[in-house]
Amino acid sequence: MTTKASPLVATKAFPLEKSDIQYNPTSEEVSIKREKFDAFVKYVQELQEKLEAAEDARDVAQYRARKEGKTADVLQALAEDVFQGTAAIRGWLASGNSLQELSTRTGIPYATCHRIVNERLGTPNVEIGHLQKMIAGISRRGRAFFAKGAAHPRFKRVLIGLPEGFEEQDLVSSWETAGSEVSTVHAGVDIAEKIKDLHPNLILLDVSMPNLEKGGLERLQDFAKEKKSTIILTGEMGLANSALLQGSLERKTKIEELASEGESVGG
Amino acid sequence: MDNKRYEVRQGFAEGLEVLGSLAEKDREKAEEAIAGLAKDPWPKRFGAKPLGGETVKITVPVEDDEITVLYDVNVYESSVEIIQIKRRAAFKKAGDWLAGLMRFEPKGK
Chain A
21 MTTKASPLVA
31 TKAFPLEKSD
41 IQYNPTSEEV
51 SIKREKFDAF
61 VKYVQELQEK
71 LEAAEDARDV
81 AQYRARKEGK
91 TADVLQALAE
101 DVFQGTAAIR
111 GWLASGNSLQ
121 ELSTRTGIPY
131 ATCHRIVNER
141 LGTPNVEIGH
151 LQKMIAGISR
161 RGRAFFAKGA
171 AHPRFKRVLI
181 GLPEGFEEQD
191 LVSSWETAGS
201 EVSTVHAGVD
211 IAEKIKDLHP
221 NLILLDVSMP
231 NLEKGGLERL
241 QDFAKEKKST
251 IILTGEMGLA
261 NSALLQGSLE
271 RKTKIEELAS
281 EGESVGG
Chain B
94 MDNKRYEVRQ
104 GFAEGLEVLG
114 SLAEKDREKA
124 EEAIAGLAKD
134 PWPKRFGAKP
144 LGGETVKITV
154 PVEDDEITVL
164 YDVNVYESSV
174 EIIQIKRRAA
184 FKKAGDWLAG
194 LMRFEPKGK
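Protein chains in written order, with the numbering used here: chain A, 21 to 287; chain B, 94 to 202.
Derived by calculation from the structure, the hints in this document are not laboratory data. One or more of the hints may lead you astray.
To be verified - The list that follows gives simulated cross-link-like pairs (lysine-lysine, DSBU-like), each with its CA atoms no further than 35 Å apart:
#, chain 1, residue 1, chain 2, residue 2
1, B, K185, A, K56
2, B, K179, B, K97
3, B, K118, A, K70
4, B, K142, A, K62
5, B, K186, A, K70
6, A, K87, B, K132
7, A, K176, B, K185
8, B, K185, A, K38
9, B, K97, A, K62
10, A, K214, B, K179
11, B, K185, B, K97
12, B, K142, A, K87
13, A, K216, B, K137
14, A, K70, B, K179
15, B, K118, A, K87
16, B, K97, A, K87
17, B, K179, A, K87
18, B, K122, A, K70
19, B, K137, A, K87
20, B, K132, B, K97
21, B, K122, B, K185
22, A, K53, B, K97
23, A, K87, B, K122
With the hints as extra help, turn the sequences into a complete structure.
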């Protein structure tokens with residue numbers, strides 16, 4: 021009887037000694053030690069488990085990539101234009117969703133959502149829960165600007181800039197009830213005067229306000245720097261009736277500058 | 094197992110078509126198993142196995158096959174996010190073959 025090791029299974033991972041396998045050329049029968057046979061089966065079983073685990077790991081990795089891709093898409097969409105981003109976030113929150121929900125649905129981490137809201141809306145010094153309520157209260161032209169309950173006592177002096185025709189009483193009452201001194205303005209040319217009188221630490225400004233010309237916008241920025249105020253720009257991009265302002269808003273960098281200035285001086 | 098309910102999400106799931114390819118009885122079984130994650134995201138009945146991090150795997154036996162469901166469990170958000178639904182046919186076949194080998198007894202013993 022001749023005995024020889026099988027080259028098929030004699031691998032580094034599963035070593036076999038010559039004596040482990042016997043081959044009988046007469047009967048053409050191969051025999052293997054029971055101990056080695058069991059070890060071999062166990063080895064193949066472990067190999068199968070590793071293969072399956074590798075396949076699962078691949079699927080999970082692909083899922084993470086899909087999700088990240090989606091996140092990247094949404095972030096990109098938000099980053100495209102500050103007003104697109106604002107509208108997207110506002111839409112989410114106004115539909116009764118929380119910031120957490122926004123995070124969950126888009127796959128954007130909560131902290132990132134928080135940062136985006138702060139950056140895009142330029143309201144870094146408003147607590148996020150309050151911001152949600154505030155944003156949820158924003159309505160379209162012809163209706164109340166913010167709903168009742170949006171006000172926050174943190175802002176002692178508030179200047180609200182709205183075009184004529186907005187129902188502002190609810191908004192004004194809301195802020196007054198919260199203990200703020202409120203003043204309203206309906207045209208961009210009056211803003212400087214009102215700022216001088218009131219020294220507001222919060223300016224809620226609708227972009228569709230008339231006569232909000234370059235000078236007014238620059239004064240607002242100067243004011244934000246000087247007086248440590250927060251400016252919240254809101255409203256519909258399409259309603260911005262100052263060509264100059266609209267041009268500014270379309271240039272993302274300008275708005276980002278404005279938002280970051282608001283952030284850096286907010287207090 | 095806690096008493097809270099988990100929201101089962103399938104927004105990023107792959108392999109949902111596998112459910113559609115199953116016989117009605119099997120599909121109901123697999124769908125029930127997935128829906129059941131809302132109550133128990135680690136069902137022992139389907140051999141829930143943690144794969145690391147938040148990821149868990151269950152295996153639902155169906156006629157002539159097994160369905161594997163991979164998902165993430167977020168206990169803070171009370172959510173279960175389905176990652177992948179797939180047939181386990183090849184691995185099941187190999188497993189069955191190996192199980193047969195393990196039970197092998199030589200002639201004459």
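Structure-based check of all given hints:
Distance hint between B/K185 and A/K56 is fulfilled; the C-alpha atoms sit about 24 Å from each other, no more than 35 Å. Taken as a hint, the B/K179 and B/K97 pair is honoured in the structure, with Cα atoms around 28 Å apart against an allowance of 35 Å. In summary, the hint linking B/K118 to A/K70 is supported, as the alpha carbons are separated by about 31 Å, within the 35 Å threshold. About 20 Å separates the Cα atoms of B/K142 and A/K62, which keeps this hinted pair within 35 Å; it holds.
About 15 Å separates the Cα atoms of B/K186 and A/K70, which keeps this hinted pair within 35 Å; it holds. For the suggested pair A/K87 and B/K132, the alpha carbons sit about 25 Å apart, so the restraint of at most 35 Å is met. Simply put, A/K176 and B/K185 have alpha-carbon atoms about 69 Å apart, too far for the 35 Å limit, and the pair is violated. At most 35 Å may separate the alpha-carbon atoms for a hinted pair to count; B/K185 and A/K38 meet this at roughly 33 Å.
Of the supplied pair hints, the one linking B/K97 and A/K62 is violated, its CA atoms being roughly 41 Å apart against a limit of 35 Å. For a cut-off of 35 Å, the pair hint linking A/K214 to B/K179 is broken: about 65 Å separates their Cα positions. With a C-alpha separation of about 34 Å, the suggested pair B/K185 and B/K97 falls inside the 35 Å cut-off, and the hint holds. For the hint linking B/K142 to A/K87, the alpha-carbon distance of about 23 Å falls within 35 Å, and the restraint holds.
Straight-line distance between C-alpha atoms of A/K216 and B/K137 comes to about 69 Å, which puts the hinted pair past the 35 Å bound. Restraint check for A/K70 and B/K179: satisfied, since their Cα atoms lie roughly 17 Å apart, inside the 35 Å limit. This hinted pair checks out: B/K118 and A/K87 have alpha carbons roughly 32 Å apart, not beyond 35 Å. For the proposed pair B/K97 and A/K87, the alpha carbon gap of about 26 Å is at most 35 Å, so the pair holds.
The hinted pair formed by B/K179 and A/K87 meets the criterion: a straight-line CA distance of about 19 Å does not exceed 35 Å. Proximity of B/K122 to A/K70 is assessed by CA-CA distance (about 28 Å); at most 35 Å being required, the pair is judged to hold. Of the supplied pair hints, the one linking B/K137 and A/K87 holds, its CA atoms being roughly 28 Å apart against a limit of 35 Å. Of the pairs offered as hints, the one joining B/K132 and B/K97 holds, with about 7 Å between alpha carbons and a cut-off of 35 Å not exceeded.
Simply put, B/K122 and B/K185 have alpha-carbon atoms about 18 Å apart, close enough for the 35 Å limit, and the pair holds. Using a Cα cut-off of 35 Å, the hinted pair A/K53 and B/K97 is violated, with the two alpha carbons roughly 54 Å apart. Note on A/K87 and B/K122: the hinted pairing holds, with a Cα-Cα distance of about 28 Å set against a maximum of 35 Å.
Checked against the numbered hints given earlier, this structure breaks hints 7, 9, 10, 13, 22; the rest are met.
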